[in-house]
Amino acid sequence: MTVALLGTVLLASPALAVCKQKTTGYFRLLQRGGTFIPTAPKGLGTSQINQPLTRRRGQPERGQKVILNRKKGNCLACHIINVLKQQPFHGEVGPNLSSVGRKYTEGQLRQFIVDSRVFNPRTLMPSYFIKTGLVNVIKKHRGKTILSAQEIEDVVAFLKTMR
Amino acid sequence: MKISFGFCLRIMFCSVFLLASLGQAANAQRKSIAPIDKGNPLPELVSGYYFANPDSRNLQDDDFENPGFLWMDVGEALWNKKEGDAGKACASCHQKAKDTMESAATSYPKYYPKTKKLINLEQRINICRKDNMKAKPFKWETNNLLALTIYVRNSSRGKPVNVSIPEEAKGFFNKGKDFFYLRQGQLNISCAHCHEGHYGNKIRADLLSQGHINGFPTYRLGWQRVGSAQRRFKACNRLLRAQPYAYGSDTYNNLELYLSWRGNGLPVETPSVRR
Numbered sequence: 001m002t003v004a005l006l007g008t009v010l011l012a013s014p015a016l017a018v019c020k021q022k023t024t025g026y027f028r029l030l031q032r033g034g035t036f037i038p039t040a041p042k043g044l045g046t047s048q049i050n051q052p053l054t055r056r057r058g059q060p061e062r063g064q065k066v067i068l069n070r071k072k073g074n075c076l077a078c079h080i081i082n083v084l085k086q087q088p089f090h091g092e093v094g095p096n097l098s099s100v101g102r103k104y105t106e107g108q109l110r111q112f113i114v115d116s117r118v119f120n121p122r123t124l125m126p127s128y129f130i131k132t133g134l135v136n137v138i139k140k141h142r143g144k145t146i147l148s149a150q151e152i153e154d155v156v157a158f159l160k161t162m163r
Numbered sequence: 001m002k003i004s005f006g007f008c009l010r011i012m013f014c015s016v017f018l019l020a021s022l023g024q025a026a027n028a029q030r031k032s033i034a035p036i037d038k039g040n041p042l043p044e045l046v047s048g049y050y051f052a053n054p055d056s057r058n059l060q061d062d063d064f065e066n067p068g069f070l071w072m073d074v075g076e077a078l079w080n081k082k083e084g085d086a087g088k089a090c091a092s093c094h095q096k097a098k099d100t101m102e103s104a105a106t107s108y109p110k111y112y113p114k115t116k117k118l119i120n121l122e123q124r125i126n127i128c129r130k131d132n133m134k135a136k137p138f139k140w141e142t143n144n145l146l147a148l149t150i151y152v153r154n155s156s157r158g159k160p161v162n163v164s165i166p167e168e169a170k171g172f173f174n175k176g177k178d179f180f181y182l183r184q185g186q187l188n189i190s191c192a193h194c195h196e197g198h199y200g201n202k203i204r205a206d207l208l209s210q211g212h213i214n215g216f217p218t219y220r221l222g223w224q225r226v227g228s229a230q231r232r233f234k235a236c237n238r239l240l241r242a243q244p245y246a247y248g249s250d251t252y253n254n255l256e257l258y259l260s261w262r263g264n265g266l267p268v269e270t271p272s273v274r275r
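Line by line, the protein sequences give chains A and B.
Going by the working numbering, the first sequence opens with residue 1, and the numbers climb by one from there.
Going by the working numbering, the second sequence opens with residue 1, and the numbers climb by one from there.
Calculated from the structure, these hints are not laboratory results.
Mixed in with the good hints, there may be bad ones.
[Said to hold, decoys possible] Computed cross-link-like contacts, SDA-like style, restricted to lysine to any residue with a CA-CA straight-line distance of at most 25 Å:
| hint | chain 1 | residue 1 | chain 2 | residue 2 |
| --- | --- | --- | --- | --- |
| 1 | B | 110 | B | 144 |
| 2 | A | 140 | B | 247 |
| 3 | B | 117 | A | 136 |
| 4 | B | 136 | B | 202 |
| 5 | B | 202 | A | 70 |
Take the sequences, apply the hints, and build the full model.
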């Protein structure tokens with residue numbers, strides 16, 4: 001009841017009008033730490049990037065390295081990935097990625113890494129392949145994406161094996 | 001000598017009690033208070049203390065073990081030391097910090113009519129040195145400035161943070177708020193993403209807190225020394241791959257006011273201890 005009520009309030013707010021447009025109806029309200037944040041529902045991505053970003057096919061082994069590298073993907077800061085259990089300190093801020101390969105299409109996975117705001121405009125997940133609309137970027141990283149196109153393909157290839 | 005059964009029981013009871021109290025910090029019940037100000041977006045206020053790891057909490061709980069107290073001692077000496085051409089010490093005007101500094105400890109940053117901007121506690125201390133003591137101001141983030149700031153804040157340890165937002169400060173307050181919610185840096189996320197939307201969740205090995213500054217300046221084991229709230233802002237800005245701002249910049253003073261306000265009502269815990 002309260003959730004439904006808050007949901008109505010949230011969805012009525014102007015900031016969320018936009019995301020509602022983009023992802024009509026595909027919101028689940030999650031209570032985390034006492035604050036309501038809308039989250040893209042499992043398995044219901046509404047956008048995909050089906051075209052690979054590079055000609056060279058992604059390789060899971062290279063993808064794993066990118067995911068572990070704290071200066072690159074640093075994905076374990078926020079996600080648990082069961083097969084990488086031997087690595088210390090998996091964060092729990094994002095969902096467990098251990099079966100994302102089953103849940104999402106390749107195109108949806110690519111979209112998540114490139115810019116996951118498409119699924120949830122308020123997401124905490126960094127956009128790994130955008131250059132525009134960034135504010136106050138530190139000099140060293142200005143004008144650059146977090147990952148290269150090839151690195152994204154490699155990460156997607158790894159995620160596809162998470163079944 | 002006869003040891004009675006009752007005595008044995010008593011010892012057993014005491015040692016259980018002792019063990020329990022030793023373990024207390026490790027399992028500290030997360031205490032929260034209701035926000036005082038209307039418009040505070042947090043449903044509950046929780047001090048960063050309850051998100052810190054048990055080792056840090058144990059250090060913070062013990063004034064003899066807490067490394068921040070090395071700076072307290074320096075601060076106390078500086079408070080009483082005459083410096084500058086006016087031949088005065090802080091104590092010449094303010095007597096005992098315990099009696100006179102409660103408002104300074106709990107209500108900065110504040111609007112300063114002379115510059116029509118906000119000043120934080122460090123800047124207030126330096127204004128006193130310059131104008132009233134005719135002494136040289138301390139440089140940002142030096143041991144001396146941090147020590148005095150800690151000494152002043154600690155004089156009101158346990159008292160609630162209580163910044164106010166008068167009409168003249170509203171503009172600065174709103175800018176601080178905008179900054180808190182601004183997606184920034186190459187990671188393109190805001191302070192609020194971590195400290196409002198995800199507090200209580202683990203990111204890497206850290207439990208995300210609500211990002212309050214009631215315990216600052218804090219002793220950080222990672223820094224091997226104490227640091228101001230603005231030093232933490234810089235660290236979090238860098239984490240986002242965002243350009244950090246300068247100490248005492250308008251941007252950080254505004255943010256400091258906004259963050260203090262978000263924690264209005266939390267007890268001053270200076271010097272806190274963090275990993």
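Outcome of the hint check:
Distance restraint check for residue 110 of chain B and residue 144 of chain B: the Cα-Cα separation of roughly 22 Å lies within the 25 Å cut-off, and the hinted pair is therefore satisfied. A hinted pair counts as satisfied when its Cα atoms are at most 25 Å apart, and residue 140 of chain A with residue 247 of chain B qualifies at roughly 21 Å. The suggested pairing of residue 117 of chain B with residue 136 of chain A holds, with an alpha-carbon distance near 23 Å, which does not exceed 25 Å. The straight-line distance between the Cα atoms of residue 136 of chain B and residue 202 of chain B is roughly 44 Å, outside the 25 Å bound, and the hint therefore fails.
Restraint check for residue 202 of chain B and residue 70 of chain A: satisfied, since their Cα atoms lie roughly 16 Å apart, inside the 25 Å limit.
Hint 4 from the earlier list is the only one contradicted by this structure; the remaining hints agree with it.
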